[in-house]
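Spelled out, the chains give:
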Amino acid sequence: MARLAARRVLHAVFMLWLVATLVFVFVHVSPVPVERVLGGPRATPETLAQIRANLGLDRPFPVQYWCFAGRLLRGDLGDSYVTGAPVTALIAARLPTTLCLIAGGAVLWFAGGVALGMLGAVKARTLWDRAAAAFVLLGLATPPFVMALALLYVFSTRLTESGVHLFEAGPPLEADFLRRMILPWIALSFLMLATYTRLTRAAMLDVLGEDYVRTARAKGLPERRVVGRHVLRPALTPVVTQFGIDLGALVGSTIVIEKVFGLQGVGQLVHQSIAAGDTPVIIGVTLLVTVCVITANLVVDICYSLLDPRLRHR
Amino acid sequence: MRARGPSRLAWERFKRDRAAAASVAVLLLIAAFAALAPLWEHLTGHPYHATFPGTGLEASGQPRGPGGEFPLGADQLGRDVLVRAAYGARISLAVGLSAALLAAVAGTLAGMLAGLAGGALDTLLSRLIDLTLALPYLLVAVLLSTTFQITSARAGITMTILVVAFFSVAAFARVIRGQVLALRRQEFVEAARLLGASRARIMVAEILPNLTAQVTVLTALLIPAAIVFEATLSFLGAGVPPPMPSWGSMLGEGGDVFQTAWWLLAVPGALLLLTTLSFTMIGDAVRDALDPRGGPAARGR
Numbered sequence: 001m002a003r004l005a006a007r008r009v010l011h012a013v014f015m016l017w018l019v020a021t022l023v024f025v026f027v028h029v030s031p032v033p034v035e036r037v038l039g040g041p042r043a044t045p046e047t048l049a050q051i052r053a054n055l056g057l058d059r060p061f062p063v064q065y066w067c068f069a070g071r072l073l074r075g076d077l078g079d080s081y082v083t084g085a086p087v088t089a090l091i092a093a094r095l096p097t098t099l100c101l102i103a104g105g106a107v108l109w110f111a112g113g114v115a116l117g118m119l120g121a122v123k124a125r126t127l128w129d130r131a132a133a134a135f136v137l138l139g140l141a142t143p144p145f146v147m148a149l150a151l152l153y154v155f156s157t158r159l160t161e162s163g164v165h166l167f168e169a170g171p172p173l174e175a176d177f178l179r180r181m182i183l184p185w186i187a188l189s190f191l192m193l194a195t196y197t198r199l200t201r202a203a204m205l206d207v208l209g210e211d212y213v214r215t216a217r218a219k220g221l222p223e224r225r226v227v228g229r230h231v232l233r234p235a236l237t238p239v240v241t242q243f244g245i246d247l248g249a250l251v252g253s254t255i256v257i258e259k260v261f262g263l264q265g266v267g268q269l270v271h272q273s274i275a276a277g278d279t280p281v282i283i284g285v286t287l288l289v290t291v292c293v294i295t296a297n298l299v300v301d302i303c304y305s306l307l308d309p310r311l312r313h314r
Numbered sequence: 001m002r003a004r005g006p007s008r009l010a011w012e013r014f015k016r017d018r019a020a021a022a023s024v025a026v027l028l029l030i031a032a033f034a035a036l037a038p039l040w041e042h043l044t045g046h047p048y049h050a051t052f053p054g055t056g057l058e059a060s061g062q063p064r065g066p067g068g069e070f071p072l073g074a075d076q077l078g079r080d081v082l083v084r085a086a087y088g089a090r091i092s093l094a095v096g097l098s099a100a101l102l103a104a105v106a107g108t109l110a111g112m113l114a115g116l117a118g119g120a121l122d123t124l125l126s127r128l129i130d131l132t133l134a135l136p137y138l139l140v141a142v143l144l145s146t147t148f149q150i151t152s153a154r155a156g157i158t159m160t161i162l163v164v165a166f167f168s169v170a171a172f173a174r175v176i177r178g179q180v181l182a183l184r185r186q187e188f189v190e191a192a193r194l195l196g197a198s199r200a201r202i203m204v205a206e207i208l209p210n211l212t213a214q215v216t217v218l219t220a221l222l223i224p225a226a227i228v229f230e231a232t233l234s235f236l237g238a239g240v241p242p243p244m245p246s247w248g249s250m251l252g253e254g255g256d257v258f259q260t261a262w263w264l265l266a267v268p269g270a271l272l273l274l275t276t277l278s279f280t281m282i283g284d285a286v287r288d289a290l291d292p293r294g295g296p297a298a299r300g301r
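Chains H and Z, in that order, give the protein sequences.
Each residue of the first sequence is one higher than the last, beginning at 1 in this note's numbering.
Each residue of the second sequence is one higher than the last, beginning at 1 in this note's numbering.
Heads up, some of the hints might be wrong.
[What the hints assert, rightly or not] Residues of chain Z clear of chain H, computed beta-carbon distances all greater than 12 Å:
no.	residue
1	L9
2	A31
3	E187
4	R193
5	A197
[Unchecked claim] In silico negatives: residues of chain Z with every beta carbon more than 10 Å from chain H:
no.	residue
6	A3
7	R4
8	Q62
9	G78
10	S98
11	V105
12	L124
13	A220
14	V228
15	L265
[Claimed, not checked] In silico contact screen, one side only, chain Z against chain H (beta carbon under 8 Å); selected entries:
no.	residue
16	A134
17	L138
18	L211
19	P224
20	A231
21	L271
22	L273
23	L277
The set of hints was computed from the structure by calculation and includes no laboratory data.
We treat Cβ as the ideally placed atom computed from N, Cα and C, and that holds for glycine.
Make a model of the complete structure from these sequences and hints.
Right under this line is the structure:
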C-alpha cells in the first residue's frame, strides 16, 4: 500500500515537472513577442530591448529556464509583466471566488446526479425514469456557457423587472452570498449533473443485477436496506472516481462561467492575462490547475485502492 | 433467405429508433440551412460581414429586432443575424465533424499502437495520454489560439479543428488501448499468431474489425462534444477569427447587449442546442443499436 502510494506520488511530481517545462517552453517560443505586447505598436527598438532586459528575456534560454525552475521550487511564480505584483498574490486574491464556485457546483452536481441516478435505477422503466432521462439528455446537450447566458437572461433581466431578484453581480464572499452564487452554481453543474445521473443509474443497474442482491432480497431484507447497504457502495465507487477526475478538470470550465456572470475569479484572471500577454500569470494559473488535476487523480487512485482491496496488490 | 450480419442488424435497430430518426431530420434541416447560406445572403442583400447601421440599428444604437428587412433581427453592429447564423452553422458543423473524425482516426491508431506494441512505446504513449488529460484543456486551447494569432479565416478554422481534435484524442486512445489489451488475450488472436500472422496483419485483420463498434460509438458521442468545444473557444474569442461568424462567437459578441436584444441569444443558442441535442440522441441510438445487450431502457433513455 505504502509502495503504491509512493509510486503514485512520484509519478504525480514527474507529470507536474513535465507540464511546467512544457508550458514554459511553449510560452517562450510563442511567435508574438512579449515586448511587442507590453511596448505597444509604436515602441522604438531601444524601448523593446530595454523591456526585454528588464524582464530577463535577453539571457540565454537555458539560464531563463534554470531561474524559472529555481523560483518554482521555492514556491515563487514570478511577477506579473503588466502590474508587477507577485503572481502568487494575484492568484490568491482570486482563488476564493473560484473555489466557492467549484465547491457549490460540485455539491449540487454530485448530490443531484446521484439522487436522480438512483431514482432512475430504482424506478427503472417508469415515468420517473423517463423524466430523469429526458432531463439528462437536455443537460448533456447544453453547453455550460449557453446555460449561463440563458439563466442570466431569464433571472437577471426578465424576472428582475417583475420583482424577482435572483442575481446580483459583485464579489461573492460578502453579503447576499447565495443570491450571487446560485445561478453560477447551476450553470456550472448542469452538464455534470446529467453525466452523473447517467453514470449512477448505469452503475446501480449493473449492481442490482448481481446474484448477491438477489440473495439479499431472498433473505427478506427490505428493499430500502438492499439498496442502501448492498447496492449503493459498490455502485458509487466508479462515480466517486469520476468525481475526483472531473473536480480538477473543472477549473478550466470556470473561465466561461466567470466571464458570463462577471465573477472575478482565477478563470477571469487567466483570460485577461492571455489577452494581455502576461506570461508569468498564464504559467502560474496553468500550473495551479495542473496541480489540482494531478492531486485529484492521485487522491482518487489512492482512495480507490482503499475501497477495492483487489487493486492493492497489482 | 440470407443471413444478416451484425452491422446489418445494428442498422435495422437504428432505423427503428424514432428519436434518432427525428434527430437526423433536424440535422438535415440545419445542414440545408447552412448549405443555403449564400441564398439567404442573396435574398436579404446582407453579406455576413457587412454592417448596416442605418437600417439594422435604431436611433438609440440598439439593434433592431426580427421582422421586416432582418428576418431574425440585427446584431449590435447592424449585421444580419439570419445570414450570420447560416454561415456560423457551416463553421460549427465543419469544425465539429472534422475534429471528431480526425480525433477518431488518430485516437484509434494511437490506442492500437499502445495496446499492441507494449513495452517502451506503450509507456511513452500512455504517459502522453496522461499528460494531455492532466492539462487544463480549455485554458491551454485558449492559450494556443491566442499565441498563434491568426487572421485568415481558413487558417483559423484549421487551427480550431486541430486544437479540438488534439484534446479529444487522449480520452479516445485510452479507451481503445484498454479494448485492445483485452482483445489481445483472446483465443482468436492467439490462433492467428500461431498461424504465423504478422503483427500488422493481426492489427488490421483481427483487432480492427472488433473495434468498429466501439470506435463508431465513441466517434458519434465525440461529435457533439467537439461542436461544444468549438463554440466555447469561439465564445471566449479564441476560436474562428472575426468577422467570420460562428455560433459561439455570435453568443460571445452579443453577450453585452442580449439583455435587451433576446434574439442575439436565442438564435445561435437554439441552433447550437438543437444540433448538440440531435447529435447526442443519434450517438445514444448508435450505441444502443451496436450493443443490444442493455437495450435502451437499461441505459437511461
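Hints breached by this structure: 14, 15, 18 and 21
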